[in-house]
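Those sequence lines, one after another, are chains X and H. Note that numbering that gives the first Met the number 0 has the first sequence beginning at 0, numbered continuously upward. Note that numbering that gives the first Met the number 0 has the second sequence beginning at 0, numbered continuously upward.
Hints listed in this document are in silico derivations from the structure and should not be mistaken for laboratory results. Remember, it's a predicted structure, so these values are computed and weren't measured experimentally. Cβ atoms here follow ideal geometry from the backbone N, Cα and C, with glycine treated the same way. Be a bit skeptical, because a hint or two may be false.
Unchecked claim - Take a look, some chain X residues computed to stay more than 12 angstroms from chain H by CB distance:
hint	residue
1	191
2	264
3	268
4	321
5	374
6	411
7	473
8	495
9	542
Claimed, not checked - Below, simulated DSSO-like cross-link-like pairs (lysine-lysine); rule was C-alpha separation at most 27 angstroms, straight line:
hint	chain 1	residue 1	chain 2	residue 2
10	X	217	X	585
11	X	273	H	136
12	H	157	X	273
13	X	585	H	66
14	H	263	H	253
15	H	66	H	129
16	H	157	X	465
17	X	540	X	465
18	H	305	H	277
19	H	102	H	211
20	H	157	H	177
21	H	136	H	102
22	X	273	H	263
23	H	66	H	97
24	X	273	H	253
25	H	211	H	177
26	H	136	H	177
27	X	141	X	217
28	H	51	H	71
29	X	273	H	51
30	X	585	H	51
31	H	97	H	129
32	H	97	H	177
33	H	51	H	66
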Amino acid sequence: MSGGHHHDHGSGHHGHEPALHGHHHEPGFIGKYIFSVDHKVIGVQYTVTALVFLLVGFTMMLIMRWQLARPGEAVPLIGSLLSQLGITHAQTGALTNEGYNMLGAMHGTIMVFLGVVPLAVGGFGNYVMPLQIGAKDMAFPKLNMMSYWVYLSGGIVMMASFWANGGAAQSGWTSYPPLANTALSGQTWWLVGMVLLITSSLLGSVNFIVTIMHLRAKGLSMWRLPFFVWAQFVTAFLLLLAFPPLEAAGVMQLMDRVAGTSFFMPEGLIVGDKPTEWTGGGSPLLWQHLFWFLAHPEVYVLILPAMGIVGEIIANNTRKPLWGYTTLVYSIIFLGFMSFIVWAHHMYMTGMGTALSTFFQATTMIISVPSVIILTCFIISLYGARIRYNTPMLFALAFLPMFAIGGLTGLPLGLAASDIHLHDTYYVIGHFHYVVAPGTIIALFAGIYYWFPKVTGRRMSEFLGKLHFWPTLIGMNMVFGPMFFVGIVGVQRRLWTQTDYQLGQLTQYWVVFSSVGAAVLGLGQIPFILNFFGSIFAGRKAAQNAWEATTLEWVAAPSPPPHGNFLADPVVVCGPYEYSVPGSPKDYCPQCQTSEA
Amino acid sequence: MSLLAQTQPMYWLPPDYSTHGWQIDQLINWIHVFMAVLFAGWGVFFARCLVKYRYRANPTALYEPIKAKASKVIEAAVVVIEVVLLVAFAIPVLAEYKNDPPKPEDNPFEVHVVAQQFAWNIHYPGPDGKFGKRNAKLVSDANGNPLGLDRDGDPDAKDDIVANNELHLPVGRPVIVKLTSKDVIHSFSVPMLRVKQDTVPGMEIPVWFTVKEGTSSDAIRETMIRTVSVPPAGQNPRDFVMWCTNNIAVEDIKGADGTVIVGKGREPSAEHVEALQKAGIGEIRVAPRHPVEIHCTQLCGITHYKMRGFVILMPPDEFEAWYAEQAAGGDEFIEE
């Protein structure tokens, strides 16, 4: 779609470079900004789309938090507007319990599949990874474009489901049958949306793997790859291997709903005092196995790119090599491998026997070890450093204790005996949000501040950046910290209100506190939005190597990089983090010789 | 902020009235000690680096990697502690609890719980100790037969007792609860007995536990008495209503002229607020009607949040009397 006249510039020493890849002409407006095959444009498309979805998912969370703190009271500002979608009562403007379940299911789905993964992989991976390996583009640019448009279609289907008969999906982001099978039509839309999103991720993952394997610059051996590229590499394998089972499961659930199959439906179900039409013979637990076989590796799809970003920023702003680079790489490979054999720790309460639960408890404890190692490597990297406290570094540093909390609180959930009390309580919500929000999303913010000068040629405001950082950090901890205490008291998740329950009443003060935190967090995003858009046009001009970094995207490509990325082909001469080399005139040694064009 | 002021909060694990729960609690507590130590260790080193190695304080960064022997020691310690938690606590606790059902000579009391959207159907076998067969074809909530018992044709079903949302149990005697569901997956959770098990349609899954001897719902209620402020005139009574939901007055609440505004054992509600204000009563004392609650911890549909049941704990003799009384009542559907 970017015009058919490919003319090969004949550059490049890459023996494997596909013919498709040689076109560096400037396409027209539509080809350049909309149906672009350029990895950078696609990366920006992913980033902007994912940020919009993150804002949508966040707004849903604000509405839910309002309801939890003020059960049954009108949602401020937009309460009456939402009644058209059946989310709020037409008369009172308060969130309905159906509306709460819709927002709950869609918040989870949007944040994971439409927000964080597309931003971390589609956005950062697409934009930064080819630059860091010295490639002119992805291996399959058209596949890359297709993966974005399939993703966007999936997102549109998901959002359109709010207008379906009975509203959007209400069965949680996990969509357990039989509930999901018996749910209204929004669930069908959800499944179609999921199939599209999974397809998009699969297309992307193949592209990433091939690109990293084949399009590295001369001299860039695997052991000279920036940690971020390694993280994207392992992530791509997780996507490739974990998503197909869920894609199959999604189609099976779709068939259960529309074609009368009974993959997940047992015999003799009576719903709403009426026998159901399914013939039975299926297993509801089969879905859970298939779902979690994806969804546990998915946790690492969320966290690995975040770790990659944090690694880059810590090395750059400590002005010293990342401590334990090799260990870090082996750790994430091991994490990736282990993430495929821990899934049933989400299912201890399904009636699993002790032999099976012993296996999954053991693997769960084992998988915590590389996480501990990664965190320890990052923290030791600070020793003897010369730390620059700029905005990206603040976010990257905040990631460390936040991820530590998220990781550690996984331990009592990973042991079946302690899980008896904590399973499906707010403790779980606190745990995975610490991993994903103060963990991954904080790291993604770090990445936005760090690579913004590369993408736009301008810097974001440091003042507004810090004005964004502190309320974000404080707000997130206010929202998620109390959840551990609500959960340990024993309050279950996914309640429209917990105030009918004794234990809920005794912890409601924490719920109110969380909601205040959500408001702080919401206000804290205003400086970011202003900074993001304002800096595109009015930010201070940035030098090509804005952070005096070592990796190729900074030393070999202009800001912003042109179509084709590099003015001259980079030849890599050293590892990725040669900072403060003794005897060197500057405190960093670029990874390639054709520096600072 | 009135909401915060009225609260008598609970900060950590709720009270436990089961005989096995202490082991779960002990495991949870030890893991948190381990987590806190590890986090504090990281935190101290982290904070020290942030201060000591700030840009201005340190003119050159260290290029050579430090020999961090400490990190290897820490990692080894983490592995050892996790192995200990797993092998010495988690696996044996679970095995003891799950692999060791009550034996017949312990005289366990067996009861079936059939979950549905959005209620817990309790099925007692009645005096004959035999459960009637549940027939899906006979199930009809509308006809008062939520379990599908054949009262006429099935001799075992004749004396069965069926209850809704209220599970009466004797204390000090092993209990086996067999769980299943009519429609979707629910989860039977009693936090104050440290019991949780999904109810999966098409499967019957047992859980077992023993409630500590010497306790009872009445005794537990005494420990959960709380004071609730009556809102001043003109203020939204929402907090008052929340604090009184499913709670009962522990004594007669009387006005100045001696008229009873809220009787002992009744639930105070929004309609009492005005009378309480007029009588100049600033605070009332309430306690949970049934302090031990059954939660559904698996999202089960539209009114999942209302799927609440109660476990009513009774001393054995009281329970026997109650059970005989229910059996005499025949096939009456027990309403709350």
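Does the structure keep residue 51 (chain H) and residue 66 (chain H) at a Cα separation of 27 angstroms or less?
19 angstroms, holds
Distance restraint between residue 585 (chain X) and residue 51 (chain H), which requires alpha-carbon spacing of 27 angstroms or less
It holds: about 22 angstroms lies between the C-alpha atoms, which stays within 27 angstroms.
Does the alpha-carbon distance linking residue 211 (chain H) and residue 177 (chain H) stay inside the 27 angstroms limit?
20 angstroms, holds
If I take the minimum Cβ distance from residue 191 (chain X) to any residue of chain H, is it greater than 12 angstroms?
21 angstroms, holds
Holds or violated: residue 141 (chain X) to residue 217 (chain X), with C-alpha atoms at most 27 angstroms apart:
This hinted pair holds, its Cα atoms lying about 25 angstroms apart.
Is the nearest Cβ of chain H still more than 12 angstroms from the Cβ of residue 542 (chain X)?
19 angstroms, holds
Mind checking the alpha carbons of residue 157 (chain H) and residue 177 (chain H) for me, to see if they're no more than 27 angstroms apart?
20 angstroms, holds
Checking one constraint from the list: CA of residue 136 (chain H) to CA of residue 177 (chain H), max 27 angstroms. Satisfied?
Holds, because 21 angstroms separates the two Cα atoms, which is no more than 27 angstroms.
27 angstroms Cα cutoff - pair residue 585 (chain X), residue 66 (chain H):
25 angstroms, holds
Are the Cα atoms of residue 273 (chain X) and residue 263 (chain H) separated by 27 angstroms or less?
Violated, at about 41 angstroms.
Restraint status (C-alpha distance of residue 273 (chain X) to residue 253 (chain H) at most 27 angstroms)
49 angstroms, violated
Between residue 540 (chain X) and residue 465 (chain X), does the CA-CA distance stay at or below 27 angstroms?
The given pair, whose Cα atoms are some 19 angstroms apart, holds under the 27 angstroms limit.
In this structure, the earlier hints numbered 2, 3, 4, 5, 6, 8, 15, 16, 18, 21, 22, 23, 24, 29 are contradicted, and the remaining ones agree with it.
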